[in-house]
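Engineer: From first to last, the protein sequence lines stand for chains L and H. So the first sequence is residues 13 to 219, counted in the working numbering. So the second sequence is residues 20 to 358, counted in the working numbering.
Quick caveat, the hints were computed from the structure, so don't treat them as lab data. The structure displayed is predicted, hence computed values, not measured ones. A few of these clues could be false.
Claimed, not checked - Part of the chain L face toward chain H, derived, beta carbon under 7 Å:
hint : residue
1    : Ala-78
2    : Gly-79
3    : Ile-81
Note that the Cβ used here is the ideal one computed from N, Cα and C, for glycine as well.
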Amino acid sequence: MNSETLLSLIFAYLALACVAFAVLVIMLRNPVQCALALVGVVFHLAGIFILLRAEFLAAAHIIIYAGAIIVLFLFTMMLLNLGVVERARQFHVQAPLAIVVGAILFLEFVVLTGATITVGAQGAHSPAWVAGQGGNVQALGQVLFRDYLLPFEIASVLLTAAVVGAIVLAKQKPRRPRSSSQMGVGEWMAERYEKAKTREQDPAEPR
Amino acid sequence: MTELVIAVIVKSLIAFAIPLLVVPPLIWGERRILGRIQSRIGPNRVGPFGAFQTLADAVKLLGKEDMIPAGADRALFILAPFLLFVPSFMAWSVVPIGTELHIFGRVIGLYPTDLNVGLLYILALTSVSVYGIVMAGWASNSKYALLGSLRSSAQMISYEIMLGLALVGVVVLAGSLSLPEIVRQQQVPYAIPLIIGTFVFVCAALAETNRAPFDLPEAETELVSGYHVEYSGWRFSFFFLAEYANMLLASFLVSAVFLGGGWPAQFLEPYIGHLWATLLALFFMVSKVFLFLFFYFWLRATLPRFRYDQMMNFCWKVLLPLGLLNLAVATVLKLTVYA
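Please put together the full structure from these sequences, using the hints given.
Structural biologist: The following block contains the structure:
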C-alpha cells in the first residue's frame with residue numbers, strides 16, 4: 013500500500029465519521045449527547061485540516077470549538093436541565109425549511125466543487141506560497157500581523173470590549189443586600205469567617 | 020516506507036509506555052515521600068520497601084464491584100473516564116525527552132513526532148479533557164458529582180488560559196511552536212529570563228492536574244469529593260491514572276520548555292563526544308522531571324487547600340496580570356537580548 017492510498021483511506025474515514033457524527037447531532041434525543049456528537053464532528057474535521065497540512069487551523073479549531081464553545085453549550089444545557097426532546101414533532105415542523113436550505117447548500121457545494129475542478133484553486137496564498145513562508149504557522153503570522161495588522165487589531169479591541177461589557181452586565185450590584193441563600197457558597201463562607209474574626213477580636217460580645 | 024512505519028510504531032509504543040510504566044512507581048514514591056515529610060513510614064509491607072503497594076492497590080481496584088448508579092446515563096457514564104484518559108495519553112505523542120541522536124549513520128529524534136504546532140496540540144488536548152470531567156459529573160445523576168464537575172471544569176477552563184498565556188512568552192522567545200525546536204533554542208533555560216512565566220505555568224499546571232493546593236476533588240470530608248464520587252473499581256482507577264499521567268506530562272513540559280531539557284549537556288559535546296553528551300542530556304532531562312515531581316509531592320505535604328473562591332481569585336486577579344506581565348517581558352527581551 014503506498015502513501016497515496018493510505019491518505020485516501022484516512023480521508024474517507026474522517027469524512028464519513030464527520031457526516032455520521034453530524035447526523036447524530038440532529039438525531040440523538042438527549043441534548044447533552046447531541047453536544048458530544050458535535051465534539052466528534054469538530055475532531056474529525058480537525059483531522060481533515062491536518063491532512064490538508066493546516067496543522068495550526070486544526071489545533072485552533074479544537075481549542076476554540078471543542079475546548080471553549082461546545083463546553084459552554086454543555087454547561088448551559090446541564091444547568092437548564094433540558095429533558096429528552098420529542099423526535100417526531102421536532103422534525104415535523106422544520107422539514108420544509110430544512111429541505112429548502114439543504115437544497116441551496118447542496119447546490120453551492122456542487123458549484124464550488126465543479127469550479128475547483130475546472131478552474132483550480134484561486135487566490136494569492138497558494139500551497140507553494142505557504143511552503144515558501146516556512147509552514148502554515150509562519151504564513152498565518154505573516155498575513156495576520158503584517159498584511160492585515162489593522163483589521164486584526166480592531167477585531168481584538170472589539171473582542172476585549174465585548175468581554176468587558178459582558179463582565180459589567182453580569183456584575184451589576186444588587187440594589188438591596190442579598191440574603192445568604194442568594195450568595196455563592198464561597199462568598200457565604202467568607203462572610204461567616206469575617207464575622208467569626210470580628211467576634212474573636214471583641215471579647216465583650218458573648219459567644 | 021517500512022522502516023518509517025516501524026520507527027513510528029516503536030516510538031508510539033515508547034510514548035505510550037512512559038506514562039504507563041512510570042505512574043505505578045510514582046504513586047508509591049509519592050506515598051513514601053509524603054510519609055517521610057509527615058513523620059510516618061508510608062507503605063512498607065508489599066515487596067521491598069513497599070514497592071509493590073501500587074500493584075496490590077491496582078489488583079484491589081480491579082477486583083471491586085463495578086457500580087453504575089441507578090438513573091445514570093449509562094453510555095456517558097462509561098465513556099467519561101476514557102474522555103479524560105485518552106487525551107492525557109495522546110499528548111505524549113509530542114513530548115520530547117531529548118533532541119537528536121546521531122548513531123550508526125542515522126538521525127534518531129528523541130521525541131515521538133516533531134509536530135510544528137506541538138505546544139498548541141498539547142493545549143488542545145488539555146482543553147478537551149474538560150469533557151471527561153463534565154460528563155462524569157453529569158452522567159452520574161448525583162447532585163454532589165454534578166456540583167463537583169462544575170467546580171472542577173470551571174477550574175480547568177480558567178487555569179487552561181493561564182497555561183496558554185505562560186507559554187506565549189516562550190513561543191515569542193523561541194519563535195516556534197515545536198517542542199524539540201524550543202528545547203534546541205534554549206542557550207539559557209527560559210526559567211531565568213521568564214521567571215514570572217514559569218511561576219504562572221507551574222501554578223496553572225498544578226491546578227490543571229487537580230493537585231494540591233488546588234485539589235478540590237480530593238476534598239471528601241468538606242466537599243463530598245468531586246466529579247468522580249460515583250465511580251468505583253477500575254473505572255475510578257482510570258481517573259487516577261489520567262491524573263498521574265497528566266502530572267508526569269506537566270513535569271516533562273516544565274523540564275523541556277522552561278528548564279531547557281538536557282541543558283547544559285549540549286555545551287559539553289565538543290569535549291565528550293556526541294553520544295555521551297546525548298546520554299548526559301537524557302540524564303539531566305529525567306533528573307529535572309523527577310525534581311519537579313518531588314516538588315509536586317512536597318507542595319502536597321506542605322500547603323493547605325485553597326477555598327474555591329480563593330482559587331478563582333488567584334487565577335484571575337494574580338495569575339492573569341502576571342501572565343500579561345510575562346508576555347511584556349518576553350516581547351522586550353525578544354527585541355533586545357534575543358534579537
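Engineer: Look at each hint and say if it fits the structure.
Structural biologist: Checked hints:
With 7 Å as the threshold, the beta carbon of Ala-78 of chain L comes within range of chain H, its nearest partner Cβ sitting at about 5 Å, so the hint holds. Look at Gly-79 of chain L: its Cβ gets to within about 3 Å of chain H, closer than 7 Å, so that hint holds up. For the restraint placing Ile-81 of chain L at the interface with chain H, the shortest Cβ-Cβ distance is roughly 11 Å, beyond the 7 Å limit, so the hint is violated.
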